[in-house]
Amino acid sequence: MNAIPVLTIEDVATLDGVLGDFLKKAEAELTVVIDRGGNVISQYGDIDVMDVTVIAALAAGSFAATRELARRIGEIEFNALYHQGNGNHMFMNSVDDDTIMITVFGSRTTVGLVRFYSATTAQNVAGILKTLQHNNQGFSFDAKDISTAPIFSDQ
Amino acid sequence: MSIINYASREIQFKIVYYGPALCGKTTNLNYIHQRINPMNRGDLVSLATASERTLFFDFLPLNAVVIKGFVTKFQLYTVPGQVIYNATRQLVLRSVDGMVFVADSQWEKMEENVESFKNLADNLVRQNTSIDDMPCVLEYNKRDLPNIAPVNYMEYVLNNRKKRLQSFEVISSTGQNVFAALNAVSQILLHKFSKQNDVPQTALLPVAIPVELPSPQAQDISA
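Going down the list, the sequences are from chains Z and W.
Numbered according to the numbering used here, the first sequence spans residues 1 to 155.
Numbered according to the numbering used here, the second sequence spans residues 156 to 378.
Don't take each hint at face value.
To be verified - Below 25 Å or equal to it, Euclidean Cα-Cα: the simulated DMTMM-like pairs (lysine to aspartate or glutamate) are: (1) K130/Z to E165/W; (2) K228/W to D21/Z; (3) K228/W to E10/Z; (4) K223/W to D154/Z; (5) K130/Z to D21/Z; (6) K130/Z to D16/Z; (7) K318/W to E267/W; (8) K347/W to D16/Z; (9) K273/W to D46/Z; (10) K228/W to D145/Z; (11) K144/Z to D288/W; (12) K228/W to D46/Z; (13) K318/W to E266/W.
Keep in mind the hints are simulated off the structure, nothing from the lab.
Kindly generate the complete structure, drawing on both the sequences and the hints.
Listed below in structure tokens is the structure:
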């Protein structure tokens, strides 16, 4: 039997507390914690305006794609990336070997402020995730809870 | 690796469409995007070259309610099929939960199919997993073309192993069996995480029995 890692309501509340505090201090709009495969682990902020799932997939790809570039200058990887737009910008930084943190921010703050607060936030998030990995029992379904009807249908 | 969020009652799974260049991986995702209820899907994102060859990946997020009390999010990815992009394929395979291997049924593509399948097996080993441990189905695509290998030959070439994979005859351009393959891999994936672990069984297609053809010399003697 295989089990899926679980984020309990308490885990999500703890992560939300850390991410909410970060957004307030950095004056950013949205922050998303993802694994390096592109799965969303946690998100906080103005999430209604953006498709977080797509942002996570593309950000994971973008982060991974620069790894080879980093190697060319003798680095294992770039531990932070910044994409500058006209009004909205994105900052990504490494949390741990499996996790990345993405921050979307606008003109009311600066990349310096986001970078400064994201470093300590990433450390705090890494600590929480490490505790989760140690305590996680995982979750598996009851087979009878899985729908037997075709999951997706051709309209 | 999938993750379950109890606060939002969401589960995420990643399914990757793999196969040789121009076998129809992107066509699969295009068809699913066009035909699925728009309420259950997000945008199809393609990172492709100007000539519509996949450069990095295609991505299509789907939502479904298949487990009591949870919203299940399936994230469909394709990989670039061209041989030179193996580093990209390894990146896309990271945290994969399920696979659809798309094979091109044309005779002249058989070597590329085998090469790509071997490449998939190698790349899964790099992810500390294997074809046998990974929920995976096979698509024999382009069944509408004239110069195609029989299904039992394709089974012999790609699915001749102790633990055989479920396979489908597919025409991705018209959508034949595209949803059947997606539903099959999704069910196998979900049952992998069930307490009973009882994957629904379906009849497997027959495998060709290799027949040694008489050598030209032997034919001459008999003549």
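Hint numbers contradicted by this structure:
Checked against the structure, the hints that fail are numbers 2, 8, 9, while the rest are satisfied.
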